[in-house]
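Undergrad: If you want the building blocks of each chain, they are given just below.
Number of protein chains: 2
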Amino acid sequence: MPKNNLFLDALAGREVQRPPVWMMRQAGRFLPEFCALREKYDFFTRCRRPDLASEITLMPVKRFPIDAAILFSDILVVPQAMGMPFEIKESTGPFLKNPIASIEDIEKLQTPDVEQSLGYVFEAIDRTLTLLNDEIPLIGFSGSPWTILCYAVEGRGSKTFDKAKAFCFQHPDWAHLLLQKITDYTIAYLAKKIEHGVHAVQIFDSWGGLLSPKDYDEFSWKYIKQMVDSLSDKAPVIVFGKGCWFALETMSNSGASALGVDWTISPQKAREFTQGKITLQGNFDPAKLLAPPEKIYAEAQQMIREFGVQKYIVNLGHGILPNVPVENAETFVRAVVEFK
Amino acid sequence: MPKNNLFLDALAGREVQRPPVWMMRQAGRFLPEFCALREKYDFFTRCRRPDLASEITLMPVKRFPIDAAILFSDILVVPQAMGMPFEIKESTGPFLKNPIASIEDIEKLQTPDVEQSLGYVFEAIDRTLTLLNDEIPLIGFSGSPWTILCYAVEGRGSKTFDKAKAFCFQHPDWAHLLLQKITDYTIAYLAKKIEHGVHAVQIFDSWGGLLSPKDYDEFSWKYIKQMVDSLSDKAPVIVFGKGCWFALETMSNSGASALGVDWTISPQKAREFTQGKITLQGNFDPAKLLAPPEKIYAEAQQMIREFGVQKYIVNLGHGILPNVPVENAETFVRAVVEFK
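Top line first, the protein sequences correspond to chains A and B.
Numbering-wise (the working numbering), the first sequence opens with residue 1 and increments by one.
Numbering-wise (the working numbering), the second sequence opens with residue 1 and increments by one.
Since the hints were made in silico from the structure, they are not lab data.
Where hints are given, some of them may not hold.
The list cannot tell twin chains apart, which means a pair is met if one copy fits it or any two copies do.
As the list claims (entries may be wrong) - Heads up, simulated DSS-like pairs for lysine-lysine below, C-alpha to C-alpha not over 27 Å straight-line:
no. : residue 1 : residue 2
1   : Lys295    : Lys181
2   : Lys269    : Lys225
3   : Lys214    : Lys277
4   : Lys192    : Lys3
5   : Lys108    : Lys234
6   : Lys108    : Lys62
7   : Lys222    : Lys89
8   : Lys214    : Lys295
9   : Lys269    : Lys222
10  : Lys234    : Lys89
11  : Lys222    : Lys340
Construct the entire structure; sequences and hints are all you get.
TA: This is the structure we're talking about:
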């Protein structure tokens, strides 16, 4: 058990003196030491080399008094292991030359033993845990099956993922076959992360909010629910569905330990929709870290007052932006640590 | 008064036999006859030539039994008239070489007489009304002040408009000065459209949903509210805030005649948040027009059952996609016309 147990206490709903804090994408792009490393190694090399992944994971821990570390990695390592050779283009992001377009493409996908195909992730966990020396807990993560399908079918990032949605609406049976394959493999992946010692896992449903509530139930939540059901007795599971305010009530009735919320929902509404019964995580507007530090400090503390200290994990409402000054991120964390 | 008064009846909350239907962006990119015209004339030529703008406005009217026409134009004609020379790049969309970055930039903005600077729009209205021959009503539109600020400060489209948001968070006084200038000018613009005979106006707040509820109140709703207050005694005003589910209750207490909703809110929730007291417009997922026609037909009719026939205008939840087959759009409209 880590010496700083604030994060795990909040996940378990135990009483805390102040809420824990961490920042989505804290291990990365806004840190000068990360940018220096990026000059030398490309994206997936940074993910695949356990020495680099663990070094990057520790970067924000060394700078800020955060209450949890999150393993540096990417949601696309899972589809890569299944036989989708994703690249990251520095300008446009994820790219898959031959996106999934047919039932044959789906049938061809592999599900090799995770220890073999993704061993580098588990080795990075082992190394990171040694470096963390039981000071704070370590979070592991994956994408949601729907979010992975979005990239697999679209082949690249998109504002609206219309191609992925059209695929689901035109061939729901294919979509479900693909989603089930991704789900089963991701469950095996996260279970192995937990075996290797991560203290909690977070499922990122970055694109769930592009679906109507009905389609969300059919194409996203159905599979996240399977993941929660399979994993929640092994470690606390956090579900973060960006834009998924409409599903918070359903999510709060699952076995998840916490739900991430973005900044477009007020703390009051988030508590109302979840009937105050589950730990919430969020939801500072990432762009507000570009405001003057005194504004960041005041608004972060106001956010805590509105969510309440208990059953709450302070975080951003989405990943930290690359152009956030380090001082501003530090102010955000300090506002939480100094909260009375 | 147009012969087909269904749309204005729904806006006024009068009883109807079936809900009216139109589609956001119906005059444009998914129609082959529009694409043919696009080969010959660039974007703003199509907006600026009244003969072309009125011809394009009529295109969907000739194809589908829709209950309202919307004038072909663009929200950026307003900032253009104020001295921001926006271009449209076919690949990346709106582009402004020197985005607003200082108080001087804002002070330099002009507010020439709208009849002079935007006369081509009013001439397009005159021509279109003649062509429509009082068959169906004509809608005029503008962007919301916040949405125009997004483009003016960012200088181009964006997923998150962080630069625009940072501008507001760092210089709220500048932001408010800019927003007020845009508001006053847009009110004059829409008032003149109404004078020229449009039967209703719609305010598009495409990027309101990127703000937290508090920031939305400060930077977007405050100005939309001024527009509604100034215009609602002249013609019915529809407010469409994409992603602004969190503001529906506030909006429903304004003088707007109808509120547009996107597809991420269920009809039941939209009615609940607005307490059943205002006409709603929406909210078919535009990507669902890529589904097989029989699915489109069934889901469109199901949507009507869920919203209810009264106080309802059938529409998409955002603009029609360029790759929608004409047959599918026709099926959508037919599902409404044939609804019993």
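Undergrad: Compare the structure with each hint and give your call.
TA: Do the hints match the structure? See the list:
With identical chains, the CA atoms of lysine 295 and lysine 181 are at most 27 Å apart between copies only, with a shortest distance of 26 Å across copies and 46 Å within one. In the homo-oligomer, the alpha carbons of lysine 269 and lysine 225 lie at most 27 Å apart both inside one protomer (23 Å) and across protomers (23 Å), since each shortest distance falls under that limit. Proximity of lysine 214 to lysine 277 under the C-alpha cut-off of 27 Å is found in both arrangements, the shortest distances being 24 Å within a copy and 25 Å between copies. With identical chains, the CA atoms of lysine 192 and lysine 3 are at most 27 Å apart within one copy only, with a shortest distance of 24 Å there and 68 Å across copies.
Proximity of lysine 108 and lysine 234 under a CA criterion of 27 Å is satisfied in neither setting, with 31 Å inside one chain copy and 62 Å between copies. When the C-alpha separation of lysine 108 and lysine 62 is checked against a cutoff of 27 Å, the pair qualifies neither within a copy, at 43 Å, nor between copies, at 47 Å. In this assembly of identical chains, lysine 222 and lysine 89 lie within 27 Å of each other by CA distance neither inside one copy nor across copies; the values are 31 Å within and 40 Å between. Proximity of lysine 214 to lysine 295 under the C-alpha cut-off of 27 Å is restricted to the inter-copy arrangement: shortest distance 14 Å between copies versus 39 Å within a copy.
In this assembly of identical chains, the alpha carbons of lysine 269 and lysine 222 lie at most 27 Å apart whether taken from the same copy (24 Å) or from different copies (21 Å). For a Cα distance limit of 27 Å, the shortest separation of lysine 234 from lysine 89 qualifies neither inside one copy, at 36 Å, nor across copies, at 52 Å. In the homo-oligomer, the alpha carbons of lysine 222 and lysine 340 never lie at most 27 Å apart, since the shortest distance is 40 Å inside one protomer and 33 Å across protomers.
Checked against the numbered hints above, the structure breaks hints 5, 6, 7, 10 and 11 and satisfies the rest.
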